[in-house]
Amino acid sequence: MAEQGVLVTLELAYQVEQFYNREARLMNQRQHRQWLESMVHPDVHYWLPITEVRFTRDKRPAPTPDDGGIFNDSYSDLDDRVKRLETGMVWMEDPPSKIRHLISNVEVFHADQEQQLSVYSNFHIYRNRRQREETNLIGGREDILVREGDEFKILKRKINLDMRVVLDKNLYIFF
Amino acid sequence: MVNVDSLIDLDKAVQSKQVFWDQDIYDQEMENIFGRSWLFLTHESQIPEPGDFFTTFMGEDPIIVARQKDGSVKAFINSCTHRGNQVCHADSGNTRSFVCSYHGWAFGVDGSLAGVPLETEVYYNKLDKDSMGLREVALVDDYRGFIFGCFDEKAPPLAEWLGEMAWYMDSWADTGGGAELIGTPMKTILKCNWKVPTENFVGDGYHITWTHVAALQVIGGPLGSAFGAGDMPPLDDMGAQITTRHGHGFGVIWDVGHAIHRNPQNYVEFQQQTLPEVIEKQGEWAGKMYTGHWNASLFPNCSFLYGTNTFKVWHPKGPHEIEVWTWTLVQKNMSPELKREIQKEAIMSFGTAGTLESDDGENMETCTRTNRGFQTRKGTMNASMGLGVEGRHPELPGVVGSNFIGETSYRGFYRFWDEMMRASDWDDVIKNDNTWVDQWLGEGAVSKLPTVDAAFKAA
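Protein chains in written order, with my numbering: chain A, 1 to 175; chain B, 1 to 459.
Don't take every hint at face value.
Stated by the list, open to error - Computed, partial: chain A to chain B, Cβ under 7 Å:
(1) Leu36
(2) Phe55
(3) Pro61
What the hints assert, rightly or not - Here are some chain B residues the structure puts well away from chain A; computed CB gaps all over 10 Å:
(4) Gly93
(5) Val218
(6) Asn434
(7) Val446
Honestly, the hints are just simulated from the structure, not real lab data. Glycine included, each C-beta is placed from N, C-alpha and C at the ideal position.
I would like the entire structure built from these sequences, with the hints used as guidance.
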């Protein structure tokens, strides 16, 4: 990820923000298949590392995808997750949860590769289930988006969830 | 003291619903069960070097596990002996001392009190530092690299505590270079009683085909296609359930150890290469265990899925909440590539965002929460499946049920839970060591599981 770099034009930044808003809407509407097929690159790496609580003086390197991750997914892994939801036999999602993605702090830079954008964003995902069960997941995303004409595809997504102990029963959602 | 005499009915195989809800029962569990049992701490592979430490819990007590200069392992209560503050707030690391953030008391990796700020000026050298080290966990030992601790020095040695279960575990824990846990644990909360996931892992083969139907359909393979497809073999031929002296137990499905792996070729190849080692060392039955899929629990709160390579601890946080810690279980002689491949599959199925993990959490929470109802928890839960067809087996240790879909190991778990809850101390438990099966099932109870020759060599 570019820490900083050449900011894109207002128009391009607007397009990226609209891309994220559409993505959030598709999640909310449970259109997972449409999300996968229209917004995710076939070579995607979708990664949520497991991050320990360590002392500042601890010089061990940060986790890499070789260390695994709560998500460490290729396109076919994401496809399997979507297929499971499509079976109609996921009892935990019947009745369905309400899942709302709030995306903010979008910063868009030109990436090293042409036609690629390096994008930071923050998320607040609100889940409300059954009668009165609610959870809040807050964190950031580091994306590499590929421009394909007027569209984008997610080539890389690193999800940084701002909690050590996941204060939720599972993370069977998309970030 | 809560009256625990009427919570478990062994003959009818029912348990009071209070065991998932009542605070006074929970408090006695902390004393009688978590205060006396060997509890899983970590694996040697997680703290290889002197000064390496790992922080965890025994019951609700915060614990530091640390590798000593001489290579041994000690465990301490993570609480300063001055005013009780937690002395280590990191998950793991390497250190020479644990320095309390309150007044700066410094404890060595061996737990001793090494430094006290202004010791001369304010304590006038009257502080007896030798007696003020971190409280050490009475017993710490490892079984084939799996490190356990126990607060009660009168407990039997770890190998004896694991007992018959150790023979079964040896099929994989003593094969392929031995077993290890890789990665830093994932941590999640579930708002359930700690016994709900333990009992599920110890013996619930029944839920697999219903709770997990969606994920199994996507994974395909032997479990995805066998159930409900009309071509499955008789269930009595598919596996077994085992429970042991101290409540540890498991269910095993023969030949499908790899069933939750989507592309198991490399894993199966490793198993086939190492299988002769198991059979030579431990015989044919151990070989069947080695290539089977296990859902297992070690009493009281540690569970694993051998085959799906998932290893978990359910840390109690009051009667209605747990923290779920999840590692990946592999064998040391697997190549780094195979370990990574297995870790990915294990997390995909039973990690925090796992395709099967997320099915279970919902059930475990509501199995607990319904008992908030005052009338609801006057009722009982039933675990009678397979009652009467379990018992001793001529070739296998423990008590053996002949069908992996059964509740033999549920009953075995609650049999020992009941024994521990009523016992006044370890002597009160040890006196039953030779008679527990007869006391429980009556004399002469014999398992319906055939001998290994009859079961697997007839055809």
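Tested hints:
1. Contact between leucine 36 of chain A and chain B, as hinted, is not supported at the beta carbon level, the nearest pair being about 14 Å apart and thus beyond 7 Å.
2. The restraint placing phenylalanine 55 of chain A at the interface with chain B holds, with a minimum CB-CB distance near 5 Å, inside the 7 Å limit.
3. Proximity of proline 61 of chain A to chain B is violated relative to the hint, the smallest CB-CB distance being about 13 Å (cut-off 7 Å).
4. Distance check for glycine 93 of chain B against chain A: the nearest CB is about 5 Å away, which does not clear 10 Å, and the non-interface claim fails.
5. Some Cβ of chain A comes within 10 Å of the Cβ of valine 218 of chain B; the nearest lies about 5 Å off, and the non-interface call is violated.
6. With a cut of 10 Å on Cβ distances, asparagine 434 of chain B stays outside the contact zone with chain A, its closest approach being about 43 Å.
7. Chain A leaves valine 446 of chain B outside its interface by the beta-carbon criterion, the shortest separation being 38 Å against a cut-off of 10 Å.
The structure fails to meet hints 1, 3, 4, 5 from the earlier list, while all remaining hints are met.
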